[in-house]
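Trainee: The primary structure of each chain is shown beneath.
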Amino acid sequence: MKMRRKKIKIRQLKMHSNQSEKAQRFMPPQDSMGHFTGEFMVDLERVRQEIGHNSDVHFREFHIGSKDIRAAIIFVDGLSDKELIDKHIMKSMMINFSEEYKQDPSILNQTVLKEFIKNQVLSISELSEVHDLYDLISKVLTGSTALLVTGVSEVLILGTTKGKSRNIEEPVSEALVRGPRVGFTETLSDNTALLRQHGDNRSLSIIQFQVGLRAKKKLVIAYMNEIAGPELVEEVKNRIKKINIDDLPESGYVEQLIEDNYLSPFPQVQNTERPDRVIGALMEGRVAILLDGTPFALIVPVTFSMLLQSPEDYYERWLPGSLIRLLRYLTVFISLFAPSLYIAFISFHPGMIPTKLALSIIGAREGVPFPALIEALLMEISIEILREAGLRLPKPIGPAMGIVGGLIIGEAAVQAGIISPVMVIIVSLTAISSFAIPQYSVGITLRILRFAAMFCAAMLGLYGIILFFLLLSSHLVKLKSFGVPFISPAAPYRVSDWKDFMIRMPLMMMKRRPKIMQTKDSIRKG
Amino acid sequence: MKQRHKNVRLLFRFLSFLLLLTLTGCWSQREIEELGLVVGIALDLEKDKSLEEALERNENRYPDKALMTITNQLITSETTGAGKKEGKSQQKAYNNVSESGDAILPVLRNMVLRSDKHLFAQHLKVIVIGEDLARTVNLNQILDFFLRGQEVRPSSIILIAKNRASKTLESKEPAVIPALHLIQISKGQERTTKILPPISLGKLSGKLHSESSFLLQNVSTKNGEVKFEGASLIDGRAKKLRGFLNEKDLEGITWVTGKGKGGLVKSLDEKTGQLIIYEIESMKSKIRPHVVGNNISFEVNISSEGRIAENWVVSRKVSENEFLKRAEKVSKKEVERLVKNVLDKTQKEYQADVLGFGDRLRIEYPKVWENVKKDWDQTFSKIPIKYNVKLTITDYGTSVLNK
Amino acid sequence: MKGNERAMIVNLKDRITTSQAAVVLVNYILAAGILTLPRTSVEKVKTPDVWITVILGGLIAIMAGIIIVKLSQQYPKKTFYQYSQELLGKWVGGLLCLLIVGYFFTLSAFEVRTLSEVTGFFLLEDTPAWAIIMPFMWIGLYLIMGGINPMARLFSLIFPISVVVFLLVAFMSSGIFELDNLRPVLGLGIKPILAGLKTTGLMFLGPEIMLLLVAFMQQPDKAVKVILVGVSIPMIFYVITVVMVIGALSVDGVVTRTWPTISLIRSFEIPGLFFERFESFMLVIWIMQIFATFTITYYAAALGLAQLFKKNIHPFMYGLIPIIYIIAMTPKSINDLFKFGDMIGNAALLLFGVMPLLLLIVSKLKEGKHETET
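Residue numbers (numbering that gives the first Met the number 0), protein chains in the order written: chain Y, 0 to 525; chain H, 0 to 402; chain W, 0 to 373.
This is chain Y alone, in the form it adopts within the complex (with noise of 0.2 Å):
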């Protein structure tokens, strides 16, 4: 064992002196070609040599008051707010910045003109300091404005990003009957916003990151300080640091980067775009992570019975809650095992069913030309089939689309004798249940599984659907989601986190945060 961990040791060394290198490739080059002289023409040169050519680059030059100081800005077209920049730039810059000169002329000093002009000139709360061409170059294409002036040798960057973002929405993924109606939306700063304004809290703590080699992002880890476990907030972290790709065009890519298992069918993040939900979540000493650019935040870690949860279930008294969710879990196993099951009594264990449905059953697939589970695999495909056509259909062609295949279809292949009634039920009853489950991750893994469990049936009946379940669960009990195991609650036994698993206890029950997430404030409520 000591051996095998040393092992690992270097090779985790390796690892890092190669991913260093990696990092070094996308990096711009870091010598002094890099600073800026203070030259303005020739800084100004430099400038319009790196970016000038793209046609959205706007470069303004003019004279500070009256004087012969000369001084540019240069924006991109729409990303910078334009408003700001004529009326707390340009104007301060060249109508009041004469004004003040007039009354005292000393102010020519170079040195003094730098702080003259941040502190009294440019009406502006965003403001910093570059040195360097790289670093200005980013900013401006990130939306703020740079503003040069002859003889200083920092470059001001102003922010003036507007960036374009969309009202708030309801949630297109995750509708809800009772539930606050927003949404996060693309832009980050709105759904930190969005977070923040959840209630006065001190503990919020957002921290940002940049991930992306080459096309730089900002992303955002979400957490209760006084709350959330101060080794997963490390260990998230840890794993984000460690994301090295040169974009992350959403937050799916994350998720892929950082779960535990990337082998594994099930998701081991779960994503959701309710504000309402990541604020819960939070509440339970989780951690969310969102990325600029994508609606949907990332929540770690998450368990099993966590993806079978809706918010609502907590929204709704405790009885329906409670209800709703114990129908969930029939869903899961439905939709997992229900064509299975079929194939498996109808092509192997006859004996097993009741003696009047097994009569009926013959009865419907007197002439049906397939054995059960071509059959049962002919109808999940083009169910499937009908599902992803349906998705991509412009949205009102879409209902006419289920009516042709589900209705059309379904009622034909009964008719012309190729598919038993029973299966169509069986086939449709699997469907939705596969939709109702909340998380919709977790449907398609389902789906994909049922594929799986049909042909483990159709080898060995019964027997092979035990050991597809032994399988499957020897799987689901390796897996974790930062180091907590995925099925837990069930497995091992968290008997106090029983009280929001199967069914959801009233809330004056549930005194306590689940304890698997290793909070360090364990007490909900008094």
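In case anyone wonders, no lab produced these hints; they're calculated from the structure.
Owing to the predicted nature of the structure, the values given are computational and were not obtained by experimental measurement.
Be aware that one or more of the hints could be misleading.
[To be verified] Some chain Y residues close to chain H (C-beta under 7 Å, calculated; not the full set):
(1) 353
(2) 354
(3) 360
(4) 362
(5) 373
(6) 376
[Said to hold, decoys possible] Derived lysine to aspartate or glutamate pairs resembling EDC-like cross-links, with alpha carbons at most 16 Å apart:
(7) 258(H) - 220(W)
(8) 514(Y) - 189(Y)
(9) 138(Y) - 80(Y)
(10) 247(H) - 335(H)
(11) 372(H) - 251(W)
(12) 238(H) - 335(H)
(13) 161(Y) - 80(Y)
(14) 355(Y) - 275(W)
(15) 216(Y) - 168(Y)
(16) 510(Y) - 520(Y)
(17) 239(H) - 130(H)
(18) 238(H) - 275(W)
(19) 365(W) - 85(W)
(20) 69(W) - 220(W)
(21) 324(H) - 304(H)
(22) 217(Y) - 173(Y)
(23) 363(W) - 85(W)
(24) 239(H) - 131(H)
(25) 389(H) - 309(H)
(26) 258(H) - 179(W)
(27) 332(H) - 304(H)
(28) 285(H) - 85(W)
(29) 385(H) - 343(H)
(30) 45(W) - 369(H)
(31) 190(W) - 210(H)
(32) 45(W) - 210(H)
(33) 90(Y) - 80(Y)
From the three backbone atoms N, C-alpha and C, an ideal C-beta is built for every residue, glycine too.
Position chains H and W against the provided structure of chain Y, taking the given hints into account.
Mentor: Showing chains H and W alone in chain Y's frame:
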């Protein structure tokens, strides 16, 4: 990392193995529509033995005694499906196939030669044994195949048919499946004392293994209709049919064992000679063995509560206590008569304990039982049995008067 | 790739909680026997008092278990394979370990074979035995590669399923239950009960796993509790089984059935429910229990070899598969199989009934010596 790659490798190995299985697999697969579900089996003694034997001698075949005829009631996709789809309601919902031979399995296998369906007995509901066969052949031998194989479920029910068993698996109405019909009737103890609780194959295996005698349900056919009629007494030693008990005897048996769940007592009013019908609501019976020295005796205490369900006695107010007492008395006498009748019959005529007296002795005096159990049926026939009957009328329905 | 560092939070030491240990023990004890127990015990006892025998057998198993636990507690954090050499010297200890390893993989072969017999008989009639056994063993291998912790978690997953299904089926069978079949109690005195004691005692084979399990426990001092709970639960299962089977089939009927428990479930049908037949349920949980027993014994054997030769455990896991398979295919008939089972039972009696007590005495003596010397 190493661990992880191992897992990957293992996963692939497993997958390739699964693939291998799909190539060769599906050994036990058998589609349901290819099966012929056997729902009922009738076993009869071979009808015309001499003819069959003559035939055999001529053909000089394997010495097949052709001891019995087996009739299988089959349900196949043709019998269930076709009728529904094309509206051919006249077609029979079942198909009876008969074949003769000297043992059960070979006969069943011979049917393979005549049918495209795979015979499948897991849905077997009822085994009917013909009177002649049950009288001549040991039940243990007849039923061995059914008890040994895994296909026949121990929940199937055993019946004895008066005359031919195969007749009981026929029905006039084509839509009715006789085997399922029989099962429904066999559970009728809710409302009559004239039927025994059904005996399943599983329970029978225990009874056959012990030495004691027991009863089986009896069916008879008249004009193409089946009827449950009395019971058959199976001898504990020879495991053969000893004789029949009629419906009256059966009523007595139900009273002594106390296992009835409902039923009627029909008696005549002493004064008017009119009918009074007593309906049983609850029934209890306690058999008490007494052992003094070497003398064994039994005491049976029967108690029942019920109500007057039908009254033919004219112009009497039913609610009067005096009348209720009278009714109780006549009903009680009737029950006593039934009990006496059956005790006489079992003790004297058949000399077989089918009423569970031996069981009570075994439970309360296990050591005495060990001594007498060898010749219990003999011993039983000479044991004095006392019985007390107590009936209580608790209720007289919605009508107080009877005009 | 980053897995090892990711596992940082995970407790690297393979430790299991007290309740997990109890679940492991329960799942280990419940195995092949539950299908045959009513017959084997009634054959010996011949009266309906079998359930008393079962309880007594359980008590004996608890006693043996406590001795084993006491022995293991003398050497904290060490499995039997590690401390036996310390206690008995390199050669004697090593030999004993090899014997126990042999016992474990033979037992696991026995379980696998029983599985293939029952599955081949009731579920898959024409499927060859290798097709039943091979995938089963591969899945077992996949599970035990993860070590004791995933195993314990899997068992805690299948344990409640087994309990619920078992109780459900037992409850369903109450329709054909007749109390008279179970009476009289102690009608022929205590003698017949004692006749079946060995049979029922061997049904509780399982406490021997504590020789290894104590070393994995977070709180080894609670091991006695594990034994008490871990044996009592199977005892309840067994008593319910015996009572229900005899109650329905009677003493005379039970002895005629090869697999009386399955016969019991096949003896009733409850029409109106979606499933009117319940043997599939029983077989499902039974196969799961067999899987549990198989993986534990398999792991115990591999662990023994690994600790004995101080090598990585994975090659041994792979290596044991063909051995177990060959042993499983050795018995030629079902009678051979039952005889094979009896043989394992006798070996267990010697290895785990007598030996731990001797070792406990030896270790106490040694300890005493040490104290007087110093």
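Trainee: Each hint: holds or not?
Mentor: For each hint, the structure was consulted:
no., hint, result
1, 353, "9 Å, violated"
2, 354, "5 Å, holds"
3, 360, "6 Å, holds"
4, 362, "4 Å, holds"
5, 373, "11 Å, violated"
6, 376, "12 Å, violated"
7, 258(H) - 220(W), "55 Å, violated"
8, 514(Y) - 189(Y), "32 Å, violated"
9, 138(Y) - 80(Y), "14 Å, holds"
10, 247(H) - 335(H), "12 Å, holds"
11, 372(H) - 251(W), "14 Å, holds"
12, 238(H) - 335(H), "31 Å, violated"
13, 161(Y) - 80(Y), "5 Å, holds"
14, 355(Y) - 275(W), "10 Å, holds"
15, 216(Y) - 168(Y), "24 Å, violated"
16, 510(Y) - 520(Y), "12 Å, holds"
17, 239(H) - 130(H), "10 Å, holds"
18, 238(H) - 275(W), "32 Å, violated"
19, 365(W) - 85(W), "11 Å, holds"
20, 69(W) - 220(W), "9 Å, holds"
21, 324(H) - 304(H), "13 Å, holds"
22, 217(Y) - 173(Y), "25 Å, violated"
23, 363(W) - 85(W), "13 Å, holds"
24, 239(H) - 131(H), "10 Å, holds"
25, 389(H) - 309(H), "20 Å, violated"
26, 258(H) - 179(W), "13 Å, holds"
27, 332(H) - 304(H), "15 Å, holds"
28, 285(H) - 85(W), "68 Å, violated"
29, 385(H) - 343(H), "12 Å, holds"
30, 45(W) - 369(H), "12 Å, holds"
31, 190(W) - 210(H), "24 Å, violated"
32, 45(W) - 210(H), "15 Å, holds"
33, 90(Y) - 80(Y), "14 Å, holds"
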